[in-house]
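Just so you know, the protein sequences line up as chains A and B, in that order.
When you line the first sequence up against the UniProt record's numbering, it's residues 1 to 410, in that order.
When you line the second sequence up against the UniProt record's numbering, it's residues 1 to 447, in that order.
Accuracy of the hints is not assured; some may be wrong.
What the hints assert, rightly or not - In the DSS-like style, the derived pairs of lysine-lysine whose C-alpha atoms are separated by at most 27 angstroms in a straight line are:
1) 437(B) to 101(B)
2) 175(B) to 342(A)
3) 342(A) to 447(B)
4) 404(B) to 358(B)
5) 390(B) to 404(B)
6) 437(B) to 342(A)
7) 315(A) to 437(B)
8) 437(B) to 447(B)
9) 315(A) to 337(A)
10) 434(B) to 175(B)
11) 423(B) to 437(B)
12) 175(B) to 390(B)
By construction, these hints were calculated from the structure, which means they are not laboratory data.
A quick note: this is a predicted structure, and the numbers were derived from the prediction, not measured.
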Amino acid sequence: MAAAARFFVRGARSKLPISGVVPGPRSSFAAALLKLSPGSSSRTQRRHAAHFTFQADPEPTQYGPTTKMNMFQSVTSALDHTLASDPTAVIFGEDVAFGGVFRCTVGLRDKYGKDRVFNTPLCEQGIVGFGIGAAVAGATAIAEIQFADYIYPAFDQIVNEAAKYRYRSGNLFDCGSLTIRAPWGCVGHGSLYHSQSPEAFFAHCPGIKVVIPRSPVQAKGLLLSCIADQNPCIFFEPKILYRAAVEQVPVESYTIPLSQAEVLQEGSDVTLVAWGTQIHVLREVANMAQEKLGVSCELIDLQTILPWDVETVCKVAARISACLTDISQWMSAHHLKINSDKTELLLFPGKDLLTQDLTVNFGNSVLTPTLTAKNLGVTLDSQLSLTPNITATTRSCRYTLYTEMMERAL
Amino acid sequence: MAAAVRSMNKMYGVCFNAARQTTGPKASRLLQRRAFRVAGVHRQQPFDSSLEKPQFPGASAEFVDQLEFIQPNVISGIPVYRVMDRQGNIINPSQDPQLPKETVLNFYQKMTLLNTMDRILYESQRQGRISFYMTNYGEEGTHIGSAAALDPSDIVFGQYREAGVLMYRGFPLDKFMAQCYANADDLGKGRQMPVHYGSKDLNFVTISSPLATQIPQAAGAAYALKRENMNRAVICYFGEGAASEGDAHAGFNFSATLECPLIFFCRNNGYAISTPTNEQYRGDGIAARGPGYGMLSIRVDGNDVFAVYNATKEARRRAVAENQPFLIEAMTYRIGHHSTSDDSSAYRSVDEVNYWDKQDHPISRLRHYMTARNWWSEDDERSWRKQSRKTVMEAFENAEKRLKPNVELMFTDVYQEMTPNLKNQRESMWRHVKQYKEHYPLDLYEK
């Protein structure tokens, strides 16, 4: 496995002074050798700029005083708070004792003791299995996997054991106080085995939670939420942001809720959904789309991959409810009244309808869409937006009514 | 015993760390604040190239100038510790734990009750009443002997053939049956296959089907208990087949390096379904692996309940006092089939099975011990058999009559809280069932 990954990042339009660290001790012999090859400088490959620019959020005011931190420091801060407030908390994994290959655990062993911050043998299935057992026995276990690329030996323990512990035991036992942290995502030079984003492998495993932050403020709040959450959580930390992302981060402990996507930018034409590093790319994309194509983009940071916030992304129920309100207002304007208690909602699921079972709030009642309706009045299809698409909607209603009429005549 | 250990040291050329071998403070029944020893192994002395000793950080052995491969000794490997001979006579009186009569009678009754329950539940699977079952025939000694040597507060991580441990701790018959029938009384809410028992009150972690996954978990639990410092240990059961899994290696290594108060109890019963031990490993069983991890290890006669008891008792005492893991390999024989899905006549002879059933069985050996002391007569045997059969049959009949768990329990406990999509699924299920109720036997399920 790689030693501490240090990388050289030059952001082209970066406002933040990102310093590069050149790896390795420099011997004068090596330096002389490098200088001695003259013609090569024009052909020497230069490291290209990173594929994104980290964009800091405005300083948060609701969590108290803040200080400048990068992402690994915000992780250290979250772990520090946890060890201080929870006497059963322990942090373990490969190389965490000296501070970790990404410096996320610097200082914690000296501050809290060798029994609480310790190295384990080099074995991911053991690290996660050990973490599960510690959590079952009542400790708050924070396991570190050195790179997300190496999480696969622990896949059985995560999917077959951690995720199912509570369900299979009838809630007699659980490993809810387990959190697994792993550096995640591409860094430019990481190649196949130091760049992976394996969240999709875990995204369909009920029983665990998968969380990915986009920035230091998000990282600290989401990590503290994962640790507090009484379900086993996997927290992927975008490694390229460890040093590159610097923000004003609250000094005190605070949590950011899980399974709540954050709308970073509202828009009306297309929704962009991302998590982790890619949020910063899509921020640029949204601006470019607006400037060059006149397209208004909604940008959503999913944050929690599992269980994910379907409603914020799809807004199906909200849109149907808004549309019914439109109809109701239109009808009132034409001296008609819609009876919300007798309204049945007939749903023709479009191919992108992600939630088959919605509840729609309309007036004082809660409507549940069905696939059959008793009293045929107005049928609405799922691609709703009454005001702009009124012709299309009336056409589809007329067609449906006509078809029904033909069938009844038979 | 000491001679065996010494010769083993010579064989493997392993230099046991002196600090580890000293017995800890005298075992005290009272809770005491033990000094928390971390990294008990002493570090390397400062490097000195003038010495002829090796300076490597990785090993602290001597130099040798003869090329010689260490021979793994599987012919006369680690000896098997026993207290009774096959006829139930004590061989070395100093090893007799001299347990009181009630305790020994309890051992016998628990072993035979387990045996009776196994027979009835195996039969019930054959009759289609339950879906699956695994018997414990021949291994009752390993369960009862080890369970009796533990404290009730010690945590048990099992594999699937340790029902006797749970029975010894007092798990009621109707709860065994409830789990097998997956009825509304099942503590596990009817979610798992039969024999996947669990009990929070009795500190028996719910069984899961994947093998050996419990081994590193046991190490983690033991570490957490060590930090709690409440005089509790962990025992982790597994078979010789599961010991081949990567998780087993992980668990052994972690428990030794992190100094966990843990007993690894391997039931070496000769078969992993159809795979005999000579296809499972080439070394000297599981006990020989212990020293490779720096772990104190012993091999015992698993069909001798007193040998199992003595070894577990001492291992437990020292594991907690010295914060180190112990490996006990209990040699035994799986008399029954692997499960109701197996017919072992396909891979072993009936004669082999009969030998163990008739001539080396933990229940009969204990019985001989008891009858030699006039603690158990033919009449006692007859009336106990009748009584145990009756209680098992009662529990069985009651379990059959019970309703299945509430259908909503399909959706709970996936997470601690019910998530929106699970709520949707539950509502969708009810809508569907309400519409097509003639196809769903709702009367069999608790409301």
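Hints, verified against the model:
1. About 58 angstroms separates the Cα atoms of residue 437(B) and residue 101(B), which puts this hinted pair outside 27 angstroms; it is violated.
2. Taking the CA atoms of residue 175(B) and residue 342(A), the gap is near 49 angstroms; set against the 27 angstroms cutoff, the hint is violated.
3. With a C-alpha separation of about 30 angstroms, the suggested pair residue 342(A) and residue 447(B) falls outside the 27 angstroms cut-off, and the hint is violated.
4. A hinted pair counts as satisfied when its Cα atoms are at most 27 angstroms apart, and residue 404(B) with residue 358(B) does not qualify at roughly 40 angstroms.
5. The suggested pairing of residue 390(B) with residue 404(B) holds, with an alpha-carbon distance near 24 angstroms, which does not exceed 27 angstroms.
6. The hinted pair formed by residue 437(B) and residue 342(A) meets the criterion: a straight-line CA distance of about 25 angstroms does not exceed 27 angstroms.
7. As the CA atoms of residue 315(A) and residue 437(B) are separated by approximately 33 angstroms, the hinted pair breaks the 27 angstroms bound.
8. A C-alpha spacing of about 14 angstroms is found between residue 437(B) and residue 447(B), which places the hinted pair at or below 27 angstroms, so the restraint holds.
9. For the suggested pair residue 315(A) and residue 337(A), the alpha carbons sit about 26 angstroms apart, so the restraint of at most 27 angstroms is met.
10. Between residue 434(B) and residue 175(B) the alpha-carbon distance is near 32 angstroms, which puts this suggested pair outside the 27 angstroms criterion.
11. For the hint pairing residue 423(B) with residue 437(B), the CA-to-CA distance comes to about 20 angstroms; that is within 27 angstroms, so the pair holds.
12. This hinted pair checks out: residue 175(B) and residue 390(B) have alpha carbons roughly 16 angstroms apart, not beyond 27 angstroms.
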